[in-house]
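Chain by chain, the residues run as shown.
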Amino acid sequence: MNRRRLLQTIAASPALLPAQQVNPSPDESAVLKADSPDAAGEPVRRFFSPAQFATLGALAERIAPSIGGRPGAKEAEAAAFLDFLLASSPRSRQGLYQRGLDSLDRAARARYQKGFAELGGAEADALLAPLKTKWTYTAPADPQAAFLRAAKADILRATANSRAAAEANAAGRRRATGLNPYWHVID
Amino acid sequence: MAKFDHDVVIIGSGASGGMAAYVLAQAGVKCLMLEAGPMVDFTRHRSLKAVYDLPFRGFGEPGRFPHITQASEFDANLWIDEKKNPYSHPENDPYYWVRIRLLGGKTLRWGRASWRLSDYEFKCKDHDGWGENWPISLADLAPFYDRVEPLIRVSGRNEGWAQMPDGKLLADESVDSLSIQRFNASARKLGVPTTKPRRATGTLASSVNLLLPVAQATGNLTIVPNAIVRELGVDPKTGLVNAVHYIDRRSRREYTVPAKVLLLGASTLESARLLLNSKSRQFPTGLANTSGVLGRYLFDQFYVKNTVTALVPEARGGKGPRNLMGGAGYVPRFTNLKPGKPEKNYLRGWAWDFGSGGTPSPDLFPQWGAELAQTMADVQGAGFAMTTMGESLPRYEHRITIHPTLRDDWGIPAPHIEQRYTENEHNMAKDAMETGVALCQGAGFEVLAAHAQMVPPGESIHELGTCRMGADPKKSVLNAYNQAHDVRNLFVLDGGAFPSGGVQNPTLTIMALTMRASEYLMEQKKQGKI
Ligand SMILES: Cc1cc2nc3c(=O)[nH]c(=O)nc-3n(C[C@H](O)[C@H](O)[C@H](O)COP(=O)(O)OP(=O)(O)OC[C@H]3O[C@@H](n4cnc5c(N)ncnc54)[C@H](O)[C@@H]3O)c2cc1C
Chain B
3 MNRRRLLQTI AASPALLPAQ QVNPSPDESA VLKADSPDAA GEPVRRFFSP
53 AQFATLGALA ERIAPSIGGR PGAKEAEAAA FLDFLLASSP RSRQGLYQRG
103 LDSLDRAARA RYQKGFAELG GAEADALLAP LKTKWTYTAP ADPQAAFLRA
153 AKADILRATA NSRAAAEANA AGRRRATGLN PYWHVID
Chain Y
501 MAKFDHDVVI IGSGASGGMA AYVLAQAGVK CLMLEAGPMV DFTRHRSLKA
551 VYDLPFRGFG EPGRFPHITQ ASEFDANLWI DEKKNPYSHP ENDPYYWVRI
601 RLLGGKTLRW GRASWRLSDY EFKCKDHDGW GENWPISLAD LAPFYDRVEP
651 LIRVSGRNEG WAQMPDGKLL ADESVDSLSI QRFNASARKL GVPTTKPRRA
701 TGTLASSVNL LLPVAQATGN LTIVPNAIVR ELGVDPKTGL VNAVHYIDRR
751 SRREYTVPAK VLLLGASTLE SARLLLNSKS RQFPTGLANT SGVLGRYLFD
801 QFYVKNTVTA LVPEARGGKG PRNLMGGAGY VPRFTNLKPG KPEKNYLRGW
851 AWDFGSGGTP SPDLFPQWGA ELAQTMADVQ GAGFAMTTMG ESLPRYEHRI
901 TIHPTLRDDW GIPAPHIEQR YTENEHNMAK DAMETGVALC QGAGFEVLAA
951 HAQMVPPGES IHELGTCRMG ADPKKSVLNA YNQAHDVRNL FVLDGGAFPS
1001 GGVQNPTLTI MALTMRASEY LMEQKKQGKI
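These protein sequences, in sequence, are chains B and Y.
With the first letter of the first sequence counted as 1, position 9 gets the number 11 in our numbering; the numbers rise by one all the way through.
With the first letter of the second sequence counted as 1, position 235 gets the number 735 in our numbering; the numbers rise by one all the way through.
Rather than coming from a laboratory, the hints here were simulated on the basis of the structure.
Hints should not be assumed to be uniformly reliable.
[What the hints assert, rightly or not] Cβ pair distances, simulated, as ranges:
1) B:T140 / Y:P590: 37 to 47 Å
2) B:A89 / Y:Q570: 20 to 30 Å
3) B:K35 / Y:P590: 49 to 59 Å
4) Y:G881 / B:A128: 26 to 36 Å
Glycine included, C-beta positions come from ideal geometry on N, C-alpha and C.
Between the sequences and the hints, there should be enough to build the whole structure, so can you do that?
As structure tokens, then:
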């Protein structure tokens, strides 16, 4: 069990809650609380190679670090989520990520003789310079700049939309519930 | 043998179909409504969820909606299944066809912006010599606008401007935030008019809550969801529509129902597709197409989303007075209003929606990590953004045809759609961007980004034309009452009827035209002409 899950389990542990009286009816169904598959197990990596995944994890931490106790990409498991998302994304998107991560790692090895995942913060940031190009509506012509721009947006979103971020928001009462209307399949 | 003793068959239940049912059922006309999609149950089909609980964390299933950029993972099940309902477009000219196939149609999701057309649109050819006039003027439609606006409770502000006709509105007396006041003042200096938004109030204001319940309460409306109309039959002797062939969406069983009068409101492209798919000896190229223009003159309004994104400097870091940020406004068309030669390097004009108080996207800042987080905290709620909505010119070569081999999941021939923006639209978008930047700078805002890249045709969800109305049956499909020139018991009520569309969101006009056409139909029936 990972740390996150352990904390969740402790928080929800019946032993710590006042005992609730439940009188089951033999005729009526009851409303039970349930959690999503994502809350229980560790996700299985499907898409990136181990080296690419390590680079993505390091990149995600540079883009969205944990600041002031608020969860960053690491706590949000953004890289693992993106591995899952990319596995079913269009080919062009997959290629953009694979080439982008490989070339980031190659650049790190060429300049610092170590992989991107092993770089210090300033070293890594030097390789993210293409992110400093001014925003244009269409993706940048330079493939590495295009990759970094796409990855930045995805990492930030995967972090902001994570359970960890929602829990931090709820704790800080940033948003009342974080709930939105969801439409089920209509048939 | 018909199982219902209906007077009219209405196809589609959105803005046009819903309004036809509303008018006719209340007048005692027995209506049978065939709707391709299922019925939505707001209690059963909707519940609250957290974004992290969605399978794709709010990114949506990759590839599910190649053309519907508006779909989110929360509402994905409301939009049409693009795989089951395919269409094609030229490889280099994408067309984004945005559809909802449910009872209520696109009114389940519409933004409710509601502007009247003016005689700049109805009499556009008289004004600048381009295109065709409508066979009606504002004076003909005004009495119907007068009735539709209170029905859908449009709020806004009357300004007495010719290009933005006054309406029967719920007066919007709200005080503008200081940032909006500053923008308005900057606009005034450059002679650019600004006003309040005009939109139907309430969060839904749809056919399913404002129109269909009233119609059904009369006992004169039978609604049949899950009925996908495939083809219309024609009486070989009279040339009138006499039958509707439809397929049960779920069982795929085929049915036929007789029709004395047919009211078509399946939305612009679906209505044209159905007519083109309804070939007969009398109408070998599609029903009501002796003019040859059925499917042609497809157009919409082009959108440049966030053409200018700016910051209100005083709002940075959450500083500034409480009434600094927030609110929205609208700029109606203001270019080329003088008759004769256009003052610009394009014909016609554009409008803007603008809003204050959003947070600009992190994409716009060339930063990451702690620096970006700091910036995002600083600019939270300090944004100001403008979206351009420009007139696109209806052109003969922009059209929907039937694809020779492509079929939908029910075996119905699918459409091929061709529309592209031309120099006129591109010149306009560029002018709109440059003017927008000047207005923001004049207001003391910090411009973060500006662009003139319009979204692909179709994405504005204001598709119009294909069954244009006109005075000359050789050049148009419908007459001034949305009635087919060739087939007097056939009416096309949706945006297909528009010969031009200006910059105004079209649904208010679709509803007003439908109300007028429905009352004309009753008059014609009374006189025994139908
Ligand atoms: C997100 C969004 C925002 C919008 N915002 C605005 C706005 O602010 N202002 C504005 O003016 N407009 C807006 N619109 C556009 C507006 O919704 C449409 O103009 C309006 O709904 C068109 O009405 P309609 O009756 O032509 O088509 P629809 O409302 O789409 O209804 C057509 C119906 O016909 C049914 N149908 C289609 N084919 C068949 C068939 N073969 N057999 C049987 N039934 C069929 C469909 O299922 C559908 O229910 C918006 C739309 C969307 C989606």
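Distance restraint evaluation - A89 of chain B, Q570 of chain Y, Cβ atoms, bounds 20 to 30 Å: holds (25 Å)
Between T140 of chain B and P590 of chain Y, does the C-beta distance stay in 37 to 47 Å? Hint violated: Cβ distance 20 Å, outside 37 to 47 Å.
Does the Cβ distance between G881 of chain Y and A128 of chain B fall inside 26 to 36 Å? holds (33 Å)
Given a hinted range of 49 to 59 Å, is it respected by the beta-carbon distance of K35 of chain B and P590 of chain Y? holds (52 Å)
In summary, the one numbered hint that this structure violates is 1.
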